[in-house]
Amino acid sequence: MSYDKRYDGRKPEELRPMSAKVGVIPNADGSAMFQVGNTVCYAAVYGPRELHPKFLQDPKKGILRVNYNMMPFSGHGDRVRPGRSRRSQEIALVIQNALLPVLDLSDYPKAVVDVFIELPQTDAGTRCAGIVAASMALAHAGLKMKELVSAVAVGKVGDSVVADLTYDEEAFEGEGGSTDMPMAILANSGTVSLLQMDGEINKEHLATSLDLAKKAAQQISDLQKKTLKEYYQ
Amino acid sequence: MKEHLLKSLKKGVRYDGRKLDEFRKVTVSYDVSKSAEGSAKVTFGGTHVLVGVKMGVETPYPDTPDRGNFMVNAELTPLSSNRFESGPPSIEAIELSRVVDRGIRESKAIDQKALCIKVAEKVWSVMVDVVTVNADGNLLDAAGLGALAALKVARFPKYENDIIDYMTHTDKKVPLVREPLPVTVFKIGEYLLVDPLPIEEQLADARLTITVTGDNTICALQKGGEVPLSSEDILSMTDIALKIAPELRKKL
Chain A
1 MSYDKRYDGR KPEELRPMSA KVGVIPNADG SAMFQVGNTV CYAAVYGPRE LHPKFLQDPK
61 KGILRVNYNM MPFSGHGDRV RPGRSRRSQE IALVIQNALL PVLDLSDYPK AVVDVFIELP
121 QTDAGTRCAG IVAASMALAH AGLKMKELVS AVAVGKVGDS VVADLTYDEE AFEGEGGSTD
181 MPMAILANSG TVSLLQMDGE INKEHLATSL DLAKKAAQQI SDLQKKTLKE YYQ
Chain B
1 MKEHLLKSLK KGVRYDGRKL DEFRKVTVSY DVSKSAEGSA KVTFGGTHVL VGVKMGVETP
61 YPDTPDRGNF MVNAELTPLS SNRFESGPPS IEAIELSRVV DRGIRESKAI DQKALCIKVA
121 EKVWSVMVDV VTVNADGNLL DAAGLGALAA LKVARFPKYE NDIIDYMTHT DKKVPLVREP
181 LPVTVFKIGE YLLVDPLPIE EQLADARLTI TVTGDNTICA LQKGGEVPLS SEDILSMTDI
241 ALKIAPELRK KL
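Going line by line, the protein sequences match chains A and B. Number 191 in the working numbering belongs to position 191 of the first sequence; there are no gaps in the numbering. Number 29 in the working numbering belongs to position 29 of the second sequence; there are no gaps in the numbering.
Everything labelled a hint here was simulated from the structure, so no lab data went into it. Bear in mind that the values here come from a model prediction, so they are computed numbers and not experimental data. Glycine included, every Cβ here is placed at the ideal spot set by N, Cα and C. It cannot be assumed that every hint is accurate.
[To be verified] List time: in silico DSS-like cross-link candidates among lysine-lysine, alpha-carbon distance up to 25 angstroms: (1) B:Lys187 <-> A:Lys21; (2) A:Lys21 <-> B:Lys34; (3) A:Lys21 <-> A:Lys5.
[Stated by the list, open to error] Far from chain B by the CB rule (all over 10 angstroms, computed), these chain A residues: (4) Gly75; (5) Arg87; (6) Asp211; (7) Leu228.
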């Protein structure tokens, strides 16, 4: 069984329908919502604010702290137990590293910028959705940024290289299996600030995947810019 | 601050221009999370909460072998306010979830016997999770309305050969036989008001949550705050709740 037709009928490079909105959480200093297919993500930014405990403070610049959480009813199977898991902590770390390169926090010594990511509904691609939403929320918070970060999962399902995998595609068990590669891309420079992979891939497919991710990231970046522009108009 | 608020309440005016017994704009929408067996979003003005119902199959408790399990949990997320921190649930979150839980449990709103699959072996559990998205006062009432809304639309997932297929939902609804709704009345000085803003909550002397069912029976009470209430206070607060509950129920 090869995978030449996608379960939801999309073309290999086609992303699921997307929507985005900023300013969705009035209490936050910056906030955004991003939906891609059935994955929905909220991000809120609080800060820069004083960092406690004090020993974590950096006297030279502010620090970024990311928190990633799936709501208990957002999982594909059983209820997700509330609280931090090893998975959620690792994801928070890689998201943090994906966002840091575009942020300049040198004006905020000893301070922290907190990013909270919450998902009410998921269908794969949650860390990428988190980055897309968080990036818009950071911009909405008025923080100095070099550019926006967009993110998308690409990968190989069966023998096809596809963009924006769904949960069903990640779980593909036919010949060739499934390889999932979440990536965050700085749209202007085209550099990669998050790269992970589950599964197997050869060098040719890796090269195709990188190209595909860049094109997909461009579309997402356009949506991020459009959403922010419309908000301020 | 408090004197200023009291002066304004004396004139019957609140900071946002509402009357004392007036709610902000209330909205309820359903199926906000496809991953849940049932879900709802509730907004009271700037307050925004999501409630999801997940179901699972578990062993029943030994003292109730023929009854399904039921629980309510609340996450006051740091996403929703700078007052909240990540980590273990705060006492505020624990009280909120327990009061919502009590209203549903004590009114026997869920027919727990109808959740039994095999006595002493397998029962359905119904888990209600409340998550705050923007906390702008009166979270408890929003959580209670959201819990009821999500339970009303929750459907059993497909269950065959001891395996739950969460991707397929049946037409079978969660057995909800009554509809408890909490309404919290706050006392500030001599004034009683509902649906407070955070500043009003902060300055309140006491509060009373009155959970009422569809036929206006009172099924749970919880007094909060440090100032004691008189019998007259309690009865006046109950009158307000009994008047408000049917109005809120219309939003479902």
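Here is how each hint holds up against the structure:
1. Only pairs whose Cα atoms come within 25 angstroms are accepted, and Lys187 (chain B) paired with Lys21 (chain A) is rejected, the gap being roughly 38 angstroms.
2. Taking the CA atoms of Lys21 (chain A) and Lys34 (chain B), the gap is about 20 angstroms. The hint holds against a cut of 25 angstroms.
3. This hinted pair does not check out: Lys21 (chain A) and Lys5 (chain A) have alpha carbons roughly 32 angstroms apart, beyond 25 angstroms.
4. Taking the minimum C-beta to C-beta distance to chain B, about 6 angstroms, the non-interface status of Gly75 (chain A) is violated against the 10 angstroms cut.
5. Arg87 (chain A), annotated as away from the interface, keeps every beta carbon of chain B farther than 10 angstroms; the closest lies near 15 angstroms.
6. Interface exclusion of Asp211 (chain A) from chain B stands, the closest Cβ pair being 32 angstroms apart, more than 10 angstroms.
7. The claim that Leu228 (chain A) is not at the interface with chain B holds, since no C-beta of that chain comes within 10 angstroms of its own (minimum 20 angstroms).
In the structure shown, a violation is registered for the earlier hints numbered 1, 3 and 4, in ascending order.
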